[in-house]
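Novice: The task is simple: from the sequences and hints, build the whole structure.
Protein chains: 2
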Amino acid sequence: MITETRLQKELESLKENLLKMAAMVEEAIGNSVQSLVKRDSELAKKVFQMEEEINKMELTIDDMCLRLLALRQPVAVDLRFITSAMKIVTDLERMGDQAVNIAERAITLNQEPQLKPYIDIPRMAELTQSMVKDVLDAFVNRDSKLARSVCERDDLVDSLNDQVFRELLTYMMSDPKTIPRAAHLMIVSRCLERIADHATNIAEDIIFMVDGLVIKHHADVKKEE
Amino acid sequence: MITETRLQKELESLKENLLKMAAMVEEAIGNSVQSLVKRDSELAKKVFQMEEEINKMELTIDDMCLRLLALRQPVAVDLRFITSAMKIVTDLERMGDQAVNIAERAITLNQEPQLKPYIDIPRMAELTQSMVKDVLDAFVNRDSKLARSVCERDDLVDSLNDQVFRELLTYMMSDPKTIPRAAHLMIVSRCLERIADHATNIAEDIIFMVDGLVIKHHADVKKEE
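As you go down the protein sequences, you meet chains A and B in turn.
1 is the number of the first residue of the first sequence in my numbering; add one for each residue after it.
1 is the number of the first residue of the second sequence in my numbering; add one for each residue after it.
Simulated from the structure, these hints should not be mistaken for laboratory data.
Every value quoted in this text rests on a predicted model; they were computed, and no experiment measured them.
A few of these clues could be false.
Because identical chains share one entry, a pair is satisfied inside a single copy or across any pair of copies.
To be verified - Result set (DSSO-like, lysine-lysine): computed pairs, CA atoms no more than 27 Å apart in a straight line:
1. Lys56 - Lys145
2. Lys145 - Lys15
3. Lys9 - Lys145
4. Lys20 - Lys87
5. Lys87 - Lys15
6. Lys87 - Lys133
7. Lys116 - Lys177
8. Lys133 - Lys46
Specialist: Rendered as structure tokens:
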């Protein structure tokens with residue numbers, strides 16, 4: 001009984017750390033895009049520091065999970081929660097990497113005249129930030145409905161990415177001088193789309209975990225064995 | 001004693017499945033780029049089928065790992081091997097997704113006149129294929145030296161990606177008609193670079209696992225606790 005209470009306490013601490021890491025990632029995404037919108041390269045540099053913190057959190061949480069598996073030998077729901085947490089921190093860390101990629105492009109772009117007003121990119125950033133927040137809430141609360149809403153938002157982000165891509169192509173074609181800036185902006189848009197993909201991957205795992213359904217590979221809905 | 005033998009046998013089977021999945025991913029990458037080089041869209045369609053097989057393998061291996069954790073309650077080296085395997089299959093599955101992205105671009109590009117002879121892209125494909133093969137061999141054989149060589153090849157792939165990007169920009173700037181094709185090729189190159197990133201992520205985990213060193217986050221070399 002003591003062991004079980006200890007396991008539950010440690011799982012609570014694991015949840016807190018996951019939410020903390022997600023909040024850091026959310027902030028890093030926000031800052032990276034704001035550094036572009038506000039043409040503030042200092043804010044971009046802040047993202048580099050945040051990424052280091054995010055990387056440390058990954059190691060800390062991975063270590064917590066390994067200890068839990070080794071010392072508490074959890075089964076069933078708890079086991080799946082811990083192995084999922086280990087996959088999730090990998091995704092969160094890579095989202096942090098994407099925020100750094102955006103911040104790097106922002107620094108480059110801020111040195112040139114602004115190509116166009118940024119409208120769709122901040123919208124993509126807001127969407128992906130909400131996806132990161134909600135997918136972690138869905139995970140710790142085992143809320144598959146919220147996880148599904150994250151998957152739906154991914155379609156929106158994909159459409160916005162396509163729209164940005166096509167719009168930037170027209171800039172490139174009408175004036176070759178815009179090509180380098182437009183190419184950097186294409187990559188910013190693609191980084192946001194990749195962040196949304198990571199959030200969606202997590203959401204799919206949650207739905208699998210909670211409902212025992214494989215929606216992940218667009219397979220026919222299949223009961224978990 | 002019987003349990004230990006059974007665990008070892010199951011770990012062997014897990015290794016075989018991981019190597020099989022890696023070989024499938026390697027082949028999918030090869031076919032996706034060959035469909036571009038040989039202008040053979042049928043080969044690209046084969047990649048879509050292969051991806052489905054790769055996705056099934058991910059679910060199978062994840063399930064094997066969960067059962068091992070729940071039923072055999074492994075510790076120490078075996079525990080870390082299994083949790084790493086779960087992270088690795090996620091990377092392999094996403095490499096499969098990238099091969100599909102390449103195949104889709106190949107189908108589009110094959111409908112247009114060829115923009116330029118493909119030289120660096122097939123070279124990138126060969127490098128990434130060798131990285132996928134070697135990183136899985138490094139994992140099952142706990143060979144951190146081989147894992148390090150994978151990380152080194154990532155720098156080569158990154159340089160080639162930069163080179164391709166710059167070359168395609170010059171095409172775009174000198175003739176706007178080339179822009180859509182050049183943009184598709186930029187994405188192909190970036191997909192290969194992402195595959196190499198996945199392989200490098202795995203390699204870094206192996207080095208951490210085997211040598212107990214964190215090289216992952218470019219941190220100062222730090223002994224594992």
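Novice: A separate judgement is required for each hint: does it hold in the structure or not?
Specialist: Verification of the hints:
1. In this assembly of identical chains, the alpha carbons of Lys56 and Lys145 lie at most 27 Å apart only when taken from different copies (25 Å versus 31 Å within one copy).
2. Taking the shortest Cα distances, Lys145 and Lys15 sit within 27 Å of each other inside one copy (19 Å), while across copies they are farther apart (36 Å).
3. In this homomeric assembly, Lys9 and Lys145 come within 27 Å of each other (Cα to Cα) only inside a single copy, at 26 Å, whereas the closest approach across copies is 40 Å.
4. Both within a single protomer and between protomers do Lys20 and Lys87 lie at most 27 Å apart by alpha-carbon distance, with minima of 16 Å and 21 Å respectively.
5. With identical chains, the CA atoms of Lys87 and Lys15 are at most 27 Å apart both within one copy (14 Å) and between copies (19 Å).
6. Taking CA atoms no more than 27 Å apart as the test, Lys87 paired with Lys133 passes in both settings, with 16 Å inside one copy and 22 Å between copies.
7. Taking the shortest Cα distances, Lys116 and Lys177 sit within 27 Å of each other both inside one copy (13 Å) and across copies (22 Å).
8. In this homomeric assembly, Lys133 and Lys46 come within 27 Å of each other (Cα to Cα) only inside a single copy, at 20 Å, whereas the closest approach across copies is 37 Å.
In summary, the structure agrees with every hint in the numbered list given earlier.
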